[in-house]
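Trainee: Working from the sequences, and respecting the hints, build out all of it.
If you're matching positions, the sequence shown starts at 0 in numbering that gives the first Met the number 0 and goes up one per residue.
Don't read these hints as lab results, they were simulated from the structure.
If you're wondering where the values come from, they're calculated on a predicted model, not measured in any experiment.
Check before you lean on any hint, since a few could be wrong.
[Unchecked claim] Derived SDA-like pairs: lysine to any residue, alpha-carbon spacing no greater than 25 Å straight-line:
(1) 276 to 66
(2) 285 to 135
(3) 285 to 177
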Amino acid sequence: MSSRPVFLSAAEVQDHLRSSSLLIPPLETALANFSSGPEGGVVQPVRTVVPVAKHSGFLGVMPAYSAAEDALTTKLVTFYEGHSSTSAVPSHQATVLLFQPNNGSLLAVMDGNVITAKRTAAVSAIATKFLKPPNSEVLCILGAGVQAYSHYEIFTEQFFFKEVRIWNRTKENAEKFVNSVPGEVRVCSSVQEAVTGADVIITVTMATEPILFGEWVKPGAHINAIGASRPDWRELDDELMKQAVLYVDSQEAALKESGDVLLSGAEIFAELGEVVKGVKPAHCEKTTVFKSLGMAVEDMVAAKLVYDSWSSGK
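Mentor: Right, here's the structure in full:
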């Protein structure tokens with residue numbers, strides 16, 4: 000007889016997933032398994048996106064199963080681009096469902112916003128570990144939303160930077176970010192000022208047109224491109240996309256969902272999982288871009304970690 004599913008709020012998920020760094024080892028394994036094809040045991044279709052045209056919104060459905068983890072999940076995520084940063088309702092909202100793989104019973108329903116923020120930042124940290132230039136000293140974050148906070152948290156845990164800079168279209172939000180996080184962060188008045196000389200750049204914006212241009216980027220820098228998750232949206236210009244060695248989380252998804260990839264015509268060099276496995280090189284001596292779209296198997300890893308933690312303490 001199956002018991003009732005547990006419902007975990009954002010605060011409870013946060014409590015069981017205190018540090019994004021906990022996600023790095025299992026996520027590296029999941030990325031490598033995903034990029035191994037059928038032998039990796041990960042079944043994950045490209046997300047289904049349902050437009051809610053009347054309200055300028057989208058519903059995404061992201062299922063995944065991993066034989067190695069013996070875990071089955073689906074994330075439901077909504078994105079309403081019209082919501083401003085001052086709205087009481089966030090632009091992105093997510094819920095993760097965790098199932099019992101052997102019989103399909105629902106084990107848990109959990110808030111997916113914390114999971115999305117932390118697993119995305121953890122994957123960016125994995126990419127940065129492999130792809131950042133040696134002796135990286137300057138970190139730049141473009142955007143000051145939820146993902147900026149989660150990325151700052153794990154990047155200051157995992158790496159040492161002498162200087163951290165932030166830019167946001169609304170300067171007030173950049174200043175709020177600086178006043179909310181530990182450590183020194185410099186607010187920049189323009190993207191060009193923020194990225195000039197930066198070794199590692201993180202783009203977590205709501206941009207639909209390029210804001211980061213290749214002519215501003217230091218040769219050999221590494222860029223984690225997180226925003227622009229639709230085929231007609233951009234954060235990076237053609238010059239940057241074509242001059243950099245391009246890594247993605249999923250080649251199939253990037254060729255369907257990423258405007259940065261599709262509209263620039265840039266050639267994908269490798270999936271991040273192939274680098275983790277060691278079958279493709281990490282060209283940290285060159286300018287690199289990691290285009291992150293987020294994958295269901297990443298949500299699965301985080302959801303299982305949260306559920307296991309909850310189960311051990313109940």
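Trainee: Sort out which numbered hints this structure fails and list those numbers smallest first.
Mentor: Number 3 - this is the single hint that the structure violates.
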